[in-house]
Amino acid sequence: MPSKRKVNAAGEAIRAYLEGGELPDDRRVVEEATLIQAVELIREFRSEHATPLQRVAANLRYYVDKHTIGRPIVVGQRLKRLVTIVDKLQREPRMELARMHDIGGCRAVVGSEEEIRAMAAHLRRRWEIIREYDYMENPKPDSGYRAYHLVILKNRHRLEVQLRTNAQHRWAELIESVNRRTPGLDLKGGAAPPELVEYYRLGSALLAAEERGEPAAPAVVNRFRHLHEEVAGYHQPGKHGT
Amino acid sequence: MGPDHYFILIYNIPSRQLEVHGFEENYPAAVEAYDQFEREHRNDGSVEVVLVGADSIETIHKTHSHYFAQHADDLFRQFLEGASSPVSASAGRVIRTSKPRRRRRGS
Chain Z
1340 MPSKRKVNAA GEAIRAYLEG GELPDDRRVV EEATLIQAVE LIREFRSEHA TPLQRVAANL
1400 RYYVDKHTIG RPIVVGQRLK RLVTIVDKLQ REPRMELARM HDIGGCRAVV GSEEEIRAMA
1460 AHLRRRWEII REYDYMENPK PDSGYRAYHL VILKNRHRLE VQLRTNAQHR WAELIESVNR
1520 RTPGLDLKGG AAPPELVEYY RLGSALLAAE ERGEPAAPAV VNRFRHLHEE VAGYHQPGKH
1580 GT
Chain S
202 MGPDHYFILI YNIPSRQLEV HGFEENYPAA VEAYDQFERE HRNDGSVEVV LVGADSIETI
262 HKTHSHYFAQ HADDLFRQFL EGASSPVSAS AGRVIRTSKP RRRRRGS
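The listed protein sequences correspond, in order, to chains Z and S. Each residue of the first sequence is one higher than the one before, starting from 1340 at the first, in this note's numbering. Each residue of the second sequence is one higher than the one before, starting from 202 at the first, in this note's numbering.
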């Protein structure tokens, strides 16, 4: 099992290598062999998350079952892709790799925000939770993402647990899709035309209001409809404006 | 409730084709194969490889739906009804799901 120090050193090696991106091979600060070693160490570190993640996911499924009577249980888990681990290292230059908390992640899709809050309260008494992110109260400012995230410690590994309502989940999956089919677009990080970012942010707010049974503000609906026409071009294949 | 089943999804972005490799409950084999598939596709930005788990592949269709369905869908339709412009639906896509394979470790 690689030590924290080695894991962090591997993260640093990857960062240093990426910084020297344009350098010819003989002038690189990080040699190819070091890089390969670092990548393999990160894979090893990722694999270590498998067992704790498996336990947490099974646990989560059990709790979701208790809280969602009569509905199918929607709980899934994933081990983070190496490419997205590397992207994150680059995006957050001061974060230590050993502290990256979403290498192992699981998510549950449940019926309502109240259910999420009830579940979070329940899990708080049972899990070692080291951080909570309430994106229902405070949606991500760049994108409008809504959900409730818990960072937990299991067998000395950090894991991320995402709790989403059905509408929050469908919105998040839509964003994943739009991002992927439009090269250069990053709606999650806010790297997108402002009208497109606003369109999805308002869409997220409208869905949240609808799910809570609150009426939508007419001004927001009108703005959303206006944006819908403005961004139509981005949603057609081959017309990506970026 | 039994233990989770594991699947590696290999998604080709331009062709929107998805390959699913199933490992049943054998998580160690899935983790090992994940590393291998990633190495295989390491220089190919048009392919996404991911290891997921759930009680069934049907649940993965829900938790990771963006690999399975077209999404410029009707999510916002109710807010657009009555607006001057028609709501356009996007075309569906072909999904190819390979026959699940079972892989086991040598020892």
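For the record, the hints were derived by calculation from the structure and aren't laboratory data. Beta carbons are placed, not taken as given, at the ideal position from N, Cα and C, and that holds for glycine. It cannot be assumed that every hint is accurate.
As the list claims (entries may be wrong) - Within a straight-line C-alpha distance of at most 27 angstroms, the following computed DSSO-like cross-link-like pairs (lysine-lysine) qualify:
{"hint": "1", "chain 1": "S", "residue 1": "LYS263", "chain 2": "Z", "residue 2": "LYS1419"}
{"hint": "2", "chain 1": "S", "residue 1": "LYS263", "chain 2": "Z", "residue 2": "LYS1343"}
{"hint": "3", "chain 1": "S", "residue 1": "LYS263", "chain 2": "Z", "residue 2": "LYS1427"}
{"hint": "4", "chain 1": "Z", "residue 1": "LYS1479", "chain 2": "S", "residue 2": "LYS263"}
{"hint": "5", "chain 1": "Z", "residue 1": "LYS1345", "chain 2": "Z", "residue 2": "LYS1419"}
{"hint": "6", "chain 1": "Z", "residue 1": "LYS1343", "chain 2": "Z", "residue 2": "LYS1419"}
{"hint": "7", "chain 1": "Z", "residue 1": "LYS1345", "chain 2": "Z", "residue 2": "LYS1527"}
{"hint": "8", "chain 1": "S", "residue 1": "LYS263", "chain 2": "Z", "residue 2": "LYS1345"}
{"hint": "9", "chain 1": "S", "residue 1": "LYS263", "chain 2": "Z", "residue 2": "LYS1405"}
{"hint": "10", "chain 1": "Z", "residue 1": "LYS1419", "chain 2": "Z", "residue 2": "LYS1479"}
{"hint": "11", "chain 1": "Z", "residue 1": "LYS1479", "chain 2": "Z", "residue 2": "LYS1345"}
{"hint": "12", "chain 1": "Z", "residue 1": "LYS1343", "chain 2": "Z", "residue 2": "LYS1405"}
To be verified - Some chain S residues flagged as far from chain Z (calculated, every beta-carbon gap over 10 angstroms):
{"hint": "13", "residue": "PRO229"}
{"hint": "14", "residue": "GLU249"}
{"hint": "15", "residue": "VAL251"}
Query raised in the report: Any hints this thing doesn't respect? Which numbers, in order?
Result: 2, 7, 8, 11, 12, 13, 14 and 15
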